[in-house]
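We have chain S; now place chain V with the ligand onto it with these hints.
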Amino acid sequence: MHELSVAESIIETVTRDATERGFGKVNRLSITIGELSMVNVDTLAFALEHLTKDTILEGASFNLEREEARGRCRTCGEDRKPTPPFFLCPVCGKGLASFSRGDGIHLDYYEGE
Amino acid sequence: MRVYLSKDLREANRSGANANREILQEKRILMVNLIGSPGAGKTSLLEHTLQNLSKSRRASVIEADLYTAKDAQRLEPWCWEVIQLNTEGACHLEAGMIGRIIEDNEALLASDIIFIENIGNLICPAEFDLGEDLRVAMMSATEGSDKPSKYPLAFKGSQAILISKIDLLPYCDFDVAGVLEELRLANEDATVIQVSAKTGEGVGQWCQWLEQQLEDKRKRLSG
Ligand SMILES: [Zn+2]
Chain S
1 MHELSVAESI IETVTRDATE RGFGKVNRLS ITIGELSMVN VDTLAFALEH LTKDTILEGA
61 SFNLEREEAR GRCRTCGEDR KPTPPFFLCP VCGKGLASFS RGDGIHLDYY EGE
Chain V
1 MRVYLSKDLR EANRSGANAN REILQEKRIL MVNLIGSPGA GKTSLLEHTL QNLSKSRRAS
61 VIEADLYTAK DAQRLEPWCW EVIQLNTEGA CHLEAGMIGR IIEDNEALLA SDIIFIENIG
121 NLICPAEFDL GEDLRVAMMS ATEGSDKPSK YPLAFKGSQA ILISKIDLLP YCDFDVAGVL
181 EELRLANEDA TVIQVSAKTG EGVGQWCQWL EQQLEDKRKR LSG
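Which chain is which? The protein sequence lines are S and V, in order.
To convert, note that position 50 of the first sequence is 50 in our numbering; the numbers rise steadily by one, no gaps.
To convert, note that position 124 of the second sequence is 124 in our numbering; the numbers rise steadily by one, no gaps.
These are calculated hints, taken from the structure and not from any lab test.
Built from N, CA and C at the ideal position, the CB exists for glycine as well.
Fair warning: there could be bad hints in the mix.
Said to hold, decoys possible - A few chain V residues facing chain S, derived, Cβ under 8 Å:
1) 8
2) 78
3) 86
4) 87
5) 123
6) 185
As the list claims (entries may be wrong) - Just the calculated beta-carbon pair ranges, DEER-fashion:
7) 8(V) to 92(S): 22 to 30 Å
8) 204(V) to 50(S): 46 to 54 Å
9) 105(V) to 98(S): 32 to 40 Å
10) 113(S) to 223(V): 56 to 64 Å
11) 198(V) to 45(S): 20 to 28 Å
12) 81(S) to 170(V): 38 to 46 Å
13) 103(V) to 77(S): 17 to 25 Å
14) 11(V) to 19(S): 14 to 22 Å
15) 192(V) to 100(S): 53 to 61 Å
16) 108(S) to 199(V): 28 to 36 Å
17) 100(S) to 88(V): 31 to 39 Å
18) 100(S) to 103(V): 32 to 40 Å
19) 113(S) to 6(V): 18 to 26 Å
To be verified - Covered, in the sense of this in silico footprint (three residues per stretch, anywhere, with C-beta under 8 Å from a C-beta of chain V), are these stretches of chain S:
20) 4-10
21) 45-56
22) 79-88
23) 102-112
So here's chain V without its partners, still in its complex pose:
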């Protein structure tokens, strides 16, 4: 007997993402999903971001790591709350994993901003909405200029794109103008910010952008 299911496999993730979005709305929290390849410098950038934001905001991190707690320990001094999520080999996070973490964590829900450091990978995380307000894709100057055309969807669905490690530009074969042009093709609406966690360049601009996004969300919610 033939049974027609007509089922979208991503339906479960979509409803999980919507549930997360509702919680975040009620608590007036901005959630940022940070994706990028391994070694793009996500943790280093978060370290600087948290130092900058923690003066005025309660900023928390959900840190996805395959097996270790190293990155979470690194971020702890600057976090309002840090959660280590060991994914044991999974290639991406799903909305349900985030839902189980946020739903009854009072400290986390008292945050202004929650960052999710997704698993180091530009392919799979791009496919899963976690219920975040903003998805941010990160690529480093050391990774080469072909990232946007190799992983177009990661950049396409992001509200901001960070080019990191720009202090290393003099030593890399990285074509900034070419990459900016490709990013514009891939996603003309995205805000592109060049940053260096080493020199701090661009970190201020990035934090200002985040502050603005948080204010805008709260304005929308009260208006």
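Okay, chain S solo, but in the shape it has when bound:
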């Protein structure tokens, strides 16, 4: 539900970096979206397309990758792909101590000219 604000901060971050480097245009942008970040990829794509109008990102292609969650089980200590909806260890059925993947939104790279 916060795809709009996510899109805004992506555009802001990339615009600032691209402008500092003297780019006039951004053609491509790659982002990894963790499963736990509560961001819907289609909604984010839609928001990006609309909010980039009249910016240096207008017309850019967006490569949005979804990243599955992984984390260490607090019981067996192994790195596992947790089972939804409660993100439990598939072996022990217990909660994970921490997530190693899938809980962030990462700006990977962009292509500018």
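For chain V with the ligand alone, coordinates are given in the frame of chain S:
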């Protein structure tokens, strides 16, 4: 030319949250981030909580509301300090918004406890650390039993979970035992408290839990 940023978008929020945590530590304040869907009864519960706590503690509220100041006005008589934060359509609060409010508000910083009533929503607020000591997720008996499995992350990251409006249990199709079992799966460490703002049931237990958390934090800070 390809530019690698390798940047986590939530970094800005994380550093804002850490800055808030530092201020709260220095001032020995306990901050509680209350999240729940619209109509879960957050404001009603706060009203009772403040009445109970205000006898012994300076309890303040930062009240997030989309456009109005109604809830803040309701809470004002019991608050040490109340701040209305109009978010104009935003779906969640971010650490920076709280930082700007607390950093130079002397009255607020003289509080023992600051409650943040987050925007009514169980999805987005669960993603944003505000620098709070405790996150509390709230669900009401009238919302149905499927909340924990629909919004697991809201419950997963919370230190306490409140089931509210339990005075209405006889009239609702709410499976208490089933929900408790799901909450245990989602978050076995959380303290689950059943409350009713109408009858006052559970409010004492909730306030005691808060008092204990405040004492524990202060003990940790002086130890
Ligand atoms: Zn395990």
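How the hints compare with the structure:
no.	hint	verdict
1	8	holds, 5 Å
2	78	violated, 31 Å
3	86	violated, 16 Å
4	87	violated, 11 Å
5	123	holds, 5 Å
6	185	holds, 5 Å
7	8(V) to 92(S): 22 to 30 Å	holds, 29 Å
8	204(V) to 50(S): 46 to 54 Å	holds, 50 Å
9	105(V) to 98(S): 32 to 40 Å	holds, 34 Å
10	113(S) to 223(V): 56 to 64 Å	holds, 58 Å
11	198(V) to 45(S): 20 to 28 Å	violated, 45 Å
12	81(S) to 170(V): 38 to 46 Å	holds, 42 Å
13	103(V) to 77(S): 17 to 25 Å	violated, 41 Å
14	11(V) to 19(S): 14 to 22 Å	holds, 20 Å
15	192(V) to 100(S): 53 to 61 Å	violated, 28 Å
16	108(S) to 199(V): 28 to 36 Å	violated, 53 Å
17	100(S) to 88(V): 31 to 39 Å	holds, 37 Å
18	100(S) to 103(V): 32 to 40 Å	holds, 34 Å
19	113(S) to 6(V): 18 to 26 Å	holds, 21 Å
20	4-10	holds (count 4)
21	45-56	violated (count 0)
22	79-88	holds (count 5)
23	102-112	holds (count 9)
Violation of the numbered hints given earlier is confined to hints 2, 3, 4, 11, 13, 15, 16, 21; the remaining hints are satisfied by the structure.
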